[in-house]
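Under this note's numbering, the residues of the sequence shown are numbered 223 to 615, in order.
Only true hints are included.
FRET-style restraints, in silico, Cβ to Cβ:
| no. | residue 1 | residue 2 | range |
| --- | --- | --- | --- |
| 1 | Gly319 | Pro285 | 36 to 44 Å |
| 2 | Ala344 | His582 | 27 to 35 Å |
| 3 | Arg225 | Gly263 | 25 to 33 Å |
| 4 | Asn471 | Ala429 | 17 to 25 Å |
| 5 | Ala429 | Ala344 | 53 to 61 Å |
| 6 | Gly319 | Ala567 | 34 to 42 Å |
Distance condition first, Cα-Cα at most 25 Å in a straight line; then the derived SDA-like pairs of lysine to any residue:
| no. | residue 1 | residue 2 |
| --- | --- | --- |
| 7 | Lys317 | Glu591 |
| 8 | Lys236 | Pro584 |
| 9 | Lys434 | Thr526 |
| 10 | Lys393 | Phe556 |
| 11 | Lys434 | Val499 |
| 12 | Lys583 | Ser239 |
| 13 | Lys583 | Asp453 |
| 14 | Lys475 | Arg430 |
| 15 | Lys393 | Arg225 |
| 16 | Lys434 | Gly467 |
| 17 | Lys434 | Val454 |
| 18 | Lys393 | Thr458 |
| 19 | Lys583 | Val454 |
| 20 | Lys583 | Trp312 |
| 21 | Lys475 | Glu522 |
| 22 | Lys317 | Glu579 |
Quick caveat, the hints were computed from the structure, so don't treat them as lab data.
Using N, Cα and C, we set each Cβ at its ideal position, and we do this for glycine too.
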Amino acid sequence: MARPSESSLEMIRKLISFDTTSRNSNLGLIEYVRDYLADLGASCELIYDETGQKANLYATLGPADRPGIALSGHTDVVPVDGQEWQTDPWEIVEKDGKLYGRGTCDMKSFVAVALAKAPIFAKADLKTPVHFCFSYDEEVGCLGVRPLLARLAELPVRPALVVVGEPTDMKVINAHKGKISVTCSVRGFESHSSLAPTGVNAVEYAARLVVKLQEMARRKEAEGPFDRDFDVPHTTVHTGTIQGGTALNIVPKDCSFEFEFRNLPTEDYGPLYDEVVVYAREVLEPEMQARRPGTGFSFEEMSTIAPMDTPGEHPVVALAKALTGANATSKVAFGTEAGLFNEAAIPSVVCGPGSIEQAHKPNEFIALEQVALCERFMDRLTERLVAERLSAA
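When you get a sec, could you build the whole thing from the sequences and use the hints?
Right, here's the structure in full:
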């Protein structure tokens with residue numbers, strides 16, 4: 223089994239040591255990376271959020287007068303709360319050919335390998351530059367990369383192509399689903415449970431809308447449309463959380479739940495969302511308001527993730543296949559920042575070390591062999607950038 227270099231392993235250890243759970247600041251990590259790249263001669267810019275406690279990093283090594291290839295990754299990780307870890311999630315433990323720690327798979331190992339190879343990029347006579355795009359708050363709806371993309375749109379030169387290093391077992395992914403996350407709040411009218419018919423039960427009406435969502439999910443599963451190249455070949459509908467009520471003997475006044483659509487790139491989620499709202503407004507609310515005016519439903523979009531659908535013949539796909547040695551591409555159900563890069567007219571693919579099966583779980587790990595494969599990818603990329611000027615044409 224191939225073993226990665228000590229420089230990559232040390233960089234992984236360093237990045238994992240920063241607790242960049244999305245609720246926390248990522249400035250410790252991002253400022254460390256900025257200083258590291260600046261010492262290598264990279265031009266670096268931090269793009270802060272409105273609080274000043276989080277930031278994206280955009281950096282470039284190589285000729286600044288031409289567009290290059292961006293290596294993109296998010297610096298935040300999901301929480302470890304309530305998970306049963308057998309090791310300290312913020313300290314790398316190597317065992318049986320694997321590295322354990324929060325973010326090893328999703329997705330600090332890709333970021334670490336890119337940084338470990340940065341001294342080689344810096345010394346090489348690059349004809350095409352390397353850009354580094356490291357973001358915050360990906361795990362809570364791909365929020366941080368948006369101001370980064372807005373900043374790139376202002377620059378005279380921006381990346382021509384992007385590789386987003388989410389865990390794909392180093393397979394080339396040229397399409398993924400989009401996603402919209404929604405909070406539904408239900409306002410009923412409380413009363414003593416012995417007088418239940420005089421109240422409006424927010425939990426019950428929420429449940430009826432959840433059942434509607436379940437029916438829609440089953441319809442999509444049975445009727446499609448389908449794209450059999452995806453691991454889940456149809457648009458999905460899912461309810462994830464629900465809260466409501468205060469005590470058994472009180473008719474609940476309030477209830478809220480969260481649901482999502484994950485849509486195929488060829489299918490707009492809009493008609494599905496409209497179907498839910500129309501059912502709430504035209505079927506459920508009239509019943510509620512006949513008993514008590516002012517009751518009903520409200521909806522709030524929490525986040526959206528654009529789908530990615532990069533043509534298989536696009537240069538960025540051909541490049542990624544050449545760097546990995548792949549003969550084919552794949553499509554996945556999970557969303558990434560790649561869809562937003564595509565929306566910003568910066569063609570992208572997803573390709574990175576580790577398996578999505580390990581992401582977000584306790585005892586998250588990445589196989590050493592995957593890190594070594596990512597290193598090989600970066601070495602081949604260096605050879606290409608020295609040999610030729612790449613473009614998105």
